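Take these sequences, add in the hints, and give me the full structure.
Number of protein chains: 2
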Amino acid sequence: MSISKSQLKIITSLSQKKYRQNHQLFIAEGLKVVNELLNSSFKIDTLFATDDFQTDISLDKIIRISDKDLQKISNLKAPNKVLGLFVIPDEKPLQKNGLTIVLDTINDPGNLGTIIRLCDWFGVSQLLCSAETVDCYNQKVVQASMGSLTRISIKYIDIEIYLKETNLPTFIADMDGENVYKSALPKEAILIMGNEANGVSDKIKTLIKNKISIPRFGETQETESLNVATATAILLSEFKRSY
Amino acid sequence: MSISKSQLKIITSLSQKKYRQNHQLFIAEGLKVVNELLNSSFKIDTLFATDDFQTDISLDKIIRISDKDLQKISNLKAPNKVLGLFVIPDEKPLQKNGLTIVLDTINDPGNLGTIIRLCDWFGVSQLLCSAETVDCYNQKVVQASMGSLTRISIKYIDIEIYLKETNLPTFIADMDGENVYKSALPKEAILIMGNEANGVSDKIKTLIKNKISIPRFGETQETESLNVATATAILLSEFKRSY
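In the order they appear, the protein sequences are chains A and B. Residue numbers for the first sequence follow the numbering used here, so the first one is 1 and each next one is one higher. Residue numbers for the second sequence follow the numbering used here, so the first one is 1 and each next one is one higher.
Honestly, the hints are just simulated from the structure, not real lab data. Everything numeric in this text was worked out from a predicted model, so none of it was measured. Ideal placement from N, C-alpha and C gives every residue a C-beta, glycine not left out. Warning: the hint list may mix true and false statements.
Said to hold, decoys possible - The following label-pair restraints were derived from C-beta to C-beta distances:
1. A:Leu207 x B:Asn35: 33 to 39 angstroms
2. A:Asn97 x B:Pro169: 53 to 59 angstroms
3. B:Arg216 x A:Gly177: 23 to 29 angstroms
4. A:Gly110 x B:Tyr181: 25 to 31 angstroms
5. B:Arg216 x A:Leu168: 22 to 28 angstroms
6. A:Ser66 x B:Ala197: 27 to 33 angstroms
7. B:Lys17 x A:Ser66: 21 to 27 angstroms
8. B:Asp56 x A:Asp158: 43 to 49 angstroms
9. B:Gln95 x A:Asn198: 22 to 28 angstroms
10. A:Asn39 x B:Asn80: 28 to 34 angstroms
11. A:Lys155 x B:Lys17: 33 to 39 angstroms
In structure tokens form, the structure reads like this:
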């Protein structure tokens with residue numbers, strides 16, 4: 001079989017968020033990520049796979065295609081046997097316990113993907129994003145999250161409204177904050193990470209008292225601030241290490 | 001002025017390590033990175049800049065070029081006013097004190113660049129790399145390191161020989177290692193980080209007793225291991241937080 005023109009049109013359109021929302025579909029590629037999605041609660045729509053892709057799922061959802069066709073629809077430098085269209089799941093209800101990460105306008109898909117992986121590693125079950133944050137079904141995010149997308153509840157929210165309705169202690173990562181190594185960090189909390197260039201926006205900052213920072217040990221003051229995914233890694237480690 | 005054919009040939013050749021070594025030159029691009037290099041002990045060879053690039057350094061080393069010419073020689077999606085050829089500095093003598101990071105076959109330029117930035121942030125003054133590790137003057141490394149390259153002593157070494165000649169306590173990041181949060185970490189030490197896919201090589205592993213790991217807090221065992229740059233961030237934070 002090969003790919004029909006209408007299928008090709010849908011696949012191409014899914015690089016844009018508005019078409020992902022219209023179709024309620026997103027793309028995942030490659031053995032590792034596709035297999036993680038197939039073995040999760042996510043629903044498959046269609047799988048385009050070359051003959052050497054093996055799986056146990058029902059065959060009416062697999063369309064066998066040539067390597068050449070896979071190359072045509074793939075966004076990877078080295079296409080890897082399979083491209084799947086998956087159904088965007090309903091958002092889960094808001095969780096009011098545990099440790100929640102809130103992202104204020106994260107733009108880079110690689111950063112969001114890395115943060116999703118980190119949430120999975122550190123047992124953070126809920127990730128809340130401002131509406132301006134990059135879409136988690138953007139294909140670069142899906143690939144960078146390496147399957148962790150299936151295990152984290154991700155919701156897009158209005159941060160100001162959310163903060164007004166929560167009782168959990170809330171922390172902001174901020175260059176001028178208190179030394180995180182000397183801060184008492186509760187087991188259940190909200191941690192807000194800000195935009196790559198500008199940090200957490202001023203309107204959110206004014207709402208929150210607790211600001212924490214990772215101290216700089218290098219001698220010079222010229223060192224660029226830590227990347228937001230790297231900072232998230234260190235702060236999550238600090239929140240979890242005592243419990 | 002414009003770029004001569006021989007200059008164009010050199011610039012293009014510097015994407016390959018052997019030509020960087022022949023010419024003892026590497027490329028850095030964009031305002032931020034070039035300015036950090038100009039304000040360091042690194043020596044400038046030639047600067048190709050558009051008219052809107054301003055600097056105080058002596059003019060005989062600047063060649064003014066058009067936006068179109070900059071686009072032609074740039075490797076960035078959005079060229080930013082200047083591309084510089086800098087002289088690869090002599091390696092500094094081996095330091096025998098402090099905290100040293102050793103990289104065993106790190107392949108990804110972005111990972112090496114991020115680790116260089118982390119060394120700068122955490123005051124690690126020496127980074128040692130196996131000969132198989134990606135070259136730190138690879139342009140993607142230079143750009144990802146955001147100027148931190150100028151503040152870290154980076155040497156390419158034979159790890160086995162180095163380990164035989166050091167008396168410092170040595171640690172390996174290893175999935176099966178002791179929980180790092182429960183480990184006593186000395187102020188002066190060597191920390192070895194391994195390849196993205198395979199970790200630290202077996203021949204090195206057998207030489208070292210102390211293996212440390214970052215525990216997984218998530219419930220499932222399916223989570224992909226942490227990215228090497230992310231793991232380096234967390235381990236450096238652990239080594240430094242008590243001192």
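Verification of the hints:
1. A:Leu207 x B:Asn35: 33 to 39 angstroms: 36 angstroms, holds
2. A:Asn97 x B:Pro169: 53 to 59 angstroms: 41 angstroms, violated
3. B:Arg216 x A:Gly177: 23 to 29 angstroms: The hinted range 23 to 29 angstroms holds for B:Arg216 and A:Gly177, with Cβ atoms some 27 angstroms apart.
4. A:Gly110 x B:Tyr181: 25 to 31 angstroms: 27 angstroms, holds
5. B:Arg216 x A:Leu168: 22 to 28 angstroms: 24 angstroms, holds
6. A:Ser66 x B:Ala197: 27 to 33 angstroms: 29 angstroms, holds
7. B:Lys17 x A:Ser66: 21 to 27 angstroms: 37 angstroms, violated
8. B:Asp56 x A:Asp158: 43 to 49 angstroms: Holds, at about 47 angstroms.
9. B:Gln95 x A:Asn198: 22 to 28 angstroms: 37 angstroms, violated
10. A:Asn39 x B:Asn80: 28 to 34 angstroms: Given about 44 angstroms between the Cβ atoms, the range is violated.
11. A:Lys155 x B:Lys17: 33 to 39 angstroms: 46 angstroms, violated
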